[in-house]
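Protein chains in written order, with UniProt numbering: chain A, 1 to 242; chain B, 1 to 242.
Be a bit skeptical, because a hint or two may be false.
All copies of an identical chain are treated as equivalent in the list; a pair is satisfied when it fits inside any one copy or across any two copies.
As the list claims (entries may be wrong) - Derived DSBU-like pairs: lysine-lysine, alpha-carbon spacing no greater than 35 Å straight-line:
id : residue 1 : residue 2
1  : K56       : K34
2  : K34       : K172
3  : K56       : K165
4  : K34       : K63
5  : K231      : K34
6  : K56       : K172
7  : K231      : K172
8  : K165      : K34
9  : K165      : K63
10 : K231      : K56
11 : K231      : K63
12 : K172      : K63
No lab work stands behind these hints, which were simulated from the structure alone.
Number of protein chains: 2
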Amino acid sequence: MTEASPLARKLAAFVALSDEDLSMLDRLHQRRRKFVPGVDLVHQGQSNQTAYILAKGWVCSYKLLANGGRQIVDFQIPGDFLGLRSVLFRTADHNIEPVTPVEASEVIISDLLSAFADTPRLATAVLWAASRDEAMVVEHLVGIGRRNALERTAHYLLEFGARLKLVGLGTKMSYACPLSQYLLADALGLSAVHVNRVLRQLREMGLLTFHNGRVTFDDFEGLVALADFDKAYLDHDGPLLR
Amino acid sequence: MTEASPLARKLAAFVALSDEDLSMLDRLHQRRRKFVPGVDLVHQGQSNQTAYILAKGWVCSYKLLANGGRQIVDFQIPGDFLGLRSVLFRTADHNIEPVTPVEASEVIISDLLSAFADTPRLATAVLWAASRDEAMVVEHLVGIGRRNALERTAHYLLEFGARLKLVGLGTKMSYACPLSQYLLADALGLSAVHVNRVLRQLREMGLLTFHNGRVTFDDFEGLVALADFDKAYLDHDGPLLR
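Starting from the given sequences, assemble the full structure and let the hints guide the process.
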């Protein structure tokens, strides 16, 4: 058996995957494609979109408003679905753009549906993954609505840490992060200058360092306390479904 | 056959439901329970939660923060799942409280999973419903992040209109709305005084009237233009899956 894909690693947090489930997941990864920054994978308002499973690299999903505003809704990392909602809705309600060079597997919706029919445990796992995506957006809403800039930034960077660790792309203490302060600003509802100031403050408090494309938690527990961060929406101690 | 439940009406926007799907949905509605305002249906941080399908009344889901803040994430109306995410996560990441007296059917998670195994089309429909819930949270995030108070309030009230119409609880032009200005304020990230001012402004502009528990769109197209509202994330012209 090949090494587990990031998606298989992620779903394994929710459900103990059988060999049948795993080979079904492998089959969903066959049509691998590459994308570069600057070209949207999914484009708001277009119909007949394709869904992808992200295998390598980071992307961001965002909405453009008629008033000219842009809100980054989330970033996706390996193991995440891209554009699943757009396929289910027939029309994309958001844009997805690579942040780094990206490799993603095209998922034909009929393949996904027949996979559900063959392995209903997989359907439940995908429902869990979609609920987890929703929980992240909820946290981003709560962050912009009710957390100050320091708490909000700390929460976001802790969330990345837990997500990346689950798919084997970071440790509890550190991870590679390709995001510019401009991208973080558009996600956090702050200016890039403000993000820069907040990151300096977090470093001076001895909590976190974001330097040369790497986030390091200098005081993990202190950061968790500051951000009131509870990773229960991202990871579990052992699969829920056996 | 009994009259279609609000959930069946909603899912029918996505998938043409067979008689087998419909009777499966009926079976999920057997354990009907009643709840009153002031008592949480789902309580943040608790484990072993139950999921519900809302049959009558309105509830709100919200998060409480350690810093004392509260953010209403969404309101649920008949046909919506309550606490599905909490069941999949083992621990509830939010609270759900009735806004009005409520009737909801308890869904045992094992019943839902075996329903998925028997009718995979239903699993896809539930995944669509979960994606739709996520799309609403995305809109609320974009609203708080990038829309001004007038656009944001108009968008929220148009969204309720489309959701209620889909489950047969309103017309294109009007619906009963039990929300106080305090609840709206906690959802919109505004003060109740500000909400009051925005609603007066919308009325004076001839766009919308919210009076005596009823929202009336006085100029639907004008309101849609103001809010840049596209209902594609809520409803479809005929089911996507036949």
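Okay, the hints, checked on the actual structure:
no.: 1; hint: K56 x K34; result: within (9 Å within a copy, 48 Å between copies)
no.: 2; hint: K34 x K172; result: within (29 Å within a copy, 44 Å between copies)
no.: 3; hint: K56 x K165; result: within (15 Å within a copy, 42 Å between copies)
no.: 4; hint: K34 x K63; result: within (23 Å within a copy, 39 Å between copies)
no.: 5; hint: K231 x K34; result: both (31 Å within a copy, 32 Å between copies)
no.: 6; hint: K56 x K172; result: within (20 Å within a copy, 45 Å between copies)
no.: 7; hint: K231 x K172; result: within (12 Å within a copy, 41 Å between copies)
no.: 8; hint: K165 x K34; result: within (24 Å within a copy, 42 Å between copies)
no.: 9; hint: K165 x K63; result: both (27 Å within a copy, 25 Å between copies)
no.: 10; hint: K231 x K56; result: both (23 Å within a copy, 33 Å between copies)
no.: 11; hint: K231 x K63; result: both (26 Å within a copy, 15 Å between copies)
no.: 12; hint: K172 x K63; result: both (31 Å within a copy, 26 Å between copies)
Against the hints set out earlier in the document, no violation occurs for any number.
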